[in-house]
Amino acid sequence: MKKRVLGALLCLSMAVSLTAGCAAKSESKPADSEKKTEKEEKTDVKADPVDKKKVYVSPDWVQSVIDGNQEESSDYVILECAWGEEADNPAYTEGHIKGSYHMNTDYIESEEYWNIRTPEEIEKLMADYGITKDTTVICYGADGINSADDRVAFTLLWAGVDNVKCLDGGFEAWTKAGYGTEKGSNKPKATDKAFGTTVPAHPEYIISIDDVKEKLESDNNFKLVSIRSKAEFSGETSGYGYIDKAGEPKGAIWGHDTDDGSYNKADGTTVGIDELEGYLKESGASLDDELAFYCGTGWRATIPFLICYENGYTNAKLYDGGWYQWQMDDSLPVQVGDPEGGKCEYTTVGNLSKDKAAK
Amino acid sequence: MTFAEILFLTGAYLIQYFTRKKMGMARYVIYKSQGWERTFPMETLKYTSVSVLTALTVLLLAALVIRRRQKGRLEVAMHIAMVILTALYGTYTYISSTKTMRAYYFISLMLGVAALLQIIKTGAVHMMRGKKRNEE
Numbered sequence: 010m011k012k013r014v015l016g017a018l019l020c021l022s023m024a025v026s027l028t029a030g031c032a033a034k035s036e037s038k039p040a041d042s043e044k045k046t047e048k049e050e051k052t053d054v055k056a057d058p059v060d061k062k063k064v065y066v067s068p069d070w071v072q073s074v075i076d077g078n079q080e081e082s083s084d085y086v087i088l089e090c091a092w093g094e095e096a097d098n099p100a101y102t103e104g105h106i107k108g109s110y111h112m113n114t115d116y117i118e119s120e121e122y123w124n125i126r127t128p129e130e131i132e133k134l135m136a137d138y139g140i141t142k143d144t145t146v147i148c149y150g151a152d153g154i155n156s157a158d159d160r161v162a163f164t165l166l167w168a169g170v171d172n173v174k175c176l177d178g179g180f181e182a183w184t185k186a187g188y189g190t191e192k193g194s195n196k197p198k199a200t201d202k203a204f205g206t207t208v209p210a211h212p213e214y215i216i217s218i219d220d221v222k223e224k225l226e227s228d229n230n231f232k233l234v235s236i237r238s239k240a241e242f243s244g245e246t247s248g249y250g251y252i253d254k255a256g257e258p259k260g261a262i263w264g265h266d267t268d269d270g271s272y273n274k275a276d277g278t279t280v281g282i283d284e285l286e287g288y289l290k291e292s293g294a295s296l297d298d299e300l301a302f303y304c305g306t307g308w309r310a311t312i313p314f315l316i317c318y319e320n321g322y323t324n325a326k327l328y329d330g331g332w333y334q335w336q337m338d339d340s341l342p343v344q345v346g347d348p349e350g351g352k353c354e355y356t357t358v359g360n361l362s363k364d365k366a367a368k
Numbered sequence: 100m101t102f103a104e105i106l107f108l109t110g111a112y113l114i115q116y117f118t119r120k121k122m123g124m125a126r127y128v129i130y131k132s133q134g135w136e137r138t139f140p141m142e143t144l145k146y147t148s149v150s151v152l153t154a155l156t157v158l159l160l161a162a163l164v165i166r167r168r169q170k171g172r173l174e175v176a177m178h179i180a181m182v183i184l185t186a187l188y189g190t191y192t193y194i195s196s197t198k199t200m201r202a203y204y205f206i207s208l209m210l211g212v213a214a215l216l217q218i219i220k221t222g223a224v225h226m227m228r229g230k231k232r233n234e235e
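In the order they appear, the protein sequences are chains Z and S.
Position 306, counted from 1, in the first sequence is what the working numbering calls 315; the numbers after and before it change by one each time, with no gaps.
Position 9, counted from 1, in the second sequence is what the working numbering calls 108; the numbers after and before it change by one each time, with no gaps.
No wet-lab data here; the hints were simulated from the structure.
Hints may be right or wrong, so weigh each one.
Stated by the list, open to error - In silico lysine-lysine, DSSO-like type, Cα no more than 27 Å apart, as pairs:
| no. | chain 1 | residue 1 | chain 2 | residue 2 |
| --- | --- | --- | --- | --- |
| 1 | Z | Lys259 | S | Lys131 |
| 2 | Z | Lys198 | Z | Lys62 |
| 3 | Z | Lys365 | S | Lys120 |
| 4 | S | Lys131 | S | Lys121 |
| 5 | S | Lys131 | Z | Lys365 |
| 6 | Z | Lys202 | Z | Lys224 |
This one's a predicted model, so the numbers in the text were calculated from it and none came from an experiment.
Isolated chain S (complex conformation) (with noise of 0.2 Å):
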């Protein structure tokens, strides 16, 4: 994982400590998510966007199985960090909601970010291993 998934994780792990800490915070989250329910379709974009995550980690995965015998250790490493990243914010955004937890978009949002970015970067490995095969 790089500094910007850590980055995201902390920033979850903080929006949740302060919300329970500090009224204010929790009031501005739950103004905003308010807000949002009221402006998008949250239900929608919450299936949607795990589909869509989950999705991507199997395509890598399988891609992985496929050239298991390109694969390295560090290649491994990342899809393992992908698989637990889409698993954790898949688990959270259904099995979570703003009655459970006030920061629950902020805290799904920054968690589905913190996959994605991992998802990215192991399909930027995937796809600098292909054009290398390819090269050779």
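In isolation and in its complexed conformation, chain Z is listed as follows (with noise of 0.2 Å):
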């Protein structure tokens, strides 16, 4: 009897401190909530003006324009960038920042070389996205290393907009900021306005081939800095499933990959100034030479350049062909190995193995 008496008292008092435990829990829900709804609703967000040549922003910055707290940015656009139609696109149908719009990079890169496509199509692509120099055109693209966004800032910027931002980190980082998002498909309104100056109203922030080639034969200050793993620069890889051949325009140096997050805070944000000169200190060149970022197809290349451009310097170009363009040409000098390291074999793109694509 008295076991049964304890027993029963036993089960009740469970009972009870489950039910009290639960009923704490439940108490404490109201705060989450509120917290989540206070992030949600967050919609009149300050933030300090940037100037105009800053390119990697917070998402509180971009927050702050949405919400027109940023009186010379009035006039924006908003850009999720990847590559593909959106249709096809899981990072633009699953939710996107507020108001934007895909841009599939295939609008901006022609498909003989994956280059900047002529000043008249990036002028009609601009208009068709109610783009002219004075609009504030933010970029964004899935994360801090994602380079979708920074080939379509850099382009923008070689047209002529005057202020071109990239979301810093990305959409992640505007989730993990706790700002808004939306599904479904927001359309560009076109503009019938003119752009506002001739595009490209930077033509010297890229350099041709033909000028790559000759400046590595004759200018000591000239810099061809490789942004690509060090596999790709080493020529163990071409990096791409699409080419064949690997090594590196002869002359080139290290500069670092962006994909392995060498460009990247612990935070996913872009590294500042300091840490590029540090990589170009390393294979002996300095921010005082005229430098050339490359890549295999411009798109990692672009970070350097655009960190380049918003501390000021402007000695800073594109080499948009890249290792692709480069290697289609059988007669053009290329160094195999690291010439750094002291093993490294010169010839000419003609005599490279053709297996080496990336598997």
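Two chains, two frames, a set of hints: combine them into the complex.
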């Protein structure tokens, strides 16, 4: 009898404690939901204004633009940048920054060498997206490593848009900051206003393959900086499934890859000019040299360019053709191996083996 | 249709699907297509292959009509499949291009192989029927 009573009391006390615990949890729930609601309803964000030349901006700044609290950016467009059509892009369809449009990187690149399209095509594209030179354009990609937004941002700066930003850390940073997203599709509103300047306003941002060839042979102050992986730089792999040959233009130096996070801080945001300077110093170059950044087809290389740009350096360029265009000409000189490491072979593209495509 | 033809038709669909979905696949397809255009006379190959397959299809159909008393249901079905595959290949190859479909050469090739396989099988049936008639 005693045991039964004790057992019943034990069960009762367990039930009471469980109920109390649940009650405690449910009492704390309203606070959590309030927090969530507070974040969702954060619609009057004020952030410090940033210089026009500043490229990498915080989620707070972008939200403050959306909230109308950045006066100079009242005319703005937000572009979610990725390869592929909108319907095939989960990065857009599964949720995007409110009001943003999808920008397929094929719209800015031509198929011949994956170089930036003609000035006429880019001007029309910008008009279709409602962009003039005075529009603030905010580009973003999936995360801080993804360079699709950097590629689009570079193209717009080259074309002549005055105020171009990249959301630092990408959509990942946006969702971490707790700002709103939406589904559905936004169609850009075309403008019939003139762009406002000749396109490209900054042709000097791009250096052609012919100029690279000439400068590598004759200009000691010119540094062709490879923004590729060590394996690509040393000729172990082309880095691409569709490029058979591996190597680098003869005379190129290594500036680290962006895809391995070398250009990102621990929080996913972009590193500063000091990091870039350090990478250049490793290869015997400096920010005072005439720098041309390149990679495979011109995406990764836009990141160090934009870092230079926002820090006021005007001696940086993008060699748009990259390894892809270089290896199409059998006569061009190449290096296979690490010139700094001592073991390096110098030959021409025509003598390279054709089994170095990335698997 | 046999497994091989279904495989080629499925392959054509998959290539197109992944060309839309994966940048690496799209660029690979474009790179290869550009290489083929530099190396081979693609327009000439296109017209020649469509003409040859169409001619073979017409010949086999004519043979079927001539021997109409000896045809069976299976034979008729094979000819229908042959006409469908040849028509599919010819229509696609003529109306499409790398401008409308990046994987154009790949898809055209796969459709062409599927059509050719069906022509070969149908031709083999004709030869077997002819041999059987001679033996009789």
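Taking 27 Å as the top limit, are the C-alpha atoms of Lys202/Z and Lys224/Z close enough? violated (40 Å)
Need the status of pair Lys131/S, Lys365/Z: alpha-carbon distance at most 27 Å? holds (15 Å)
Run the distance test for Lys131/S versus Lys121/S: straight-line Cα separation, threshold 27 Å. This hinted pair holds, its Cα atoms lying about 16 Å apart.
For the pair supplied as a hint, Lys259/Z and Lys131/S, confirm whether the alpha-carbon distance does not exceed 27 Å. holds (26 Å)
With a cut-off of 27 Å on the C-alpha distance, tell me whether Lys198/Z and Lys62/Z pass. holds (26 Å)
Against the 27 Å threshold, does the CA-CA distance of Lys365/Z and Lys120/S hold or violate the hint? holds (24 Å)
Of the numbered hints stated above, the single one contradicted by the structure is hint 6.
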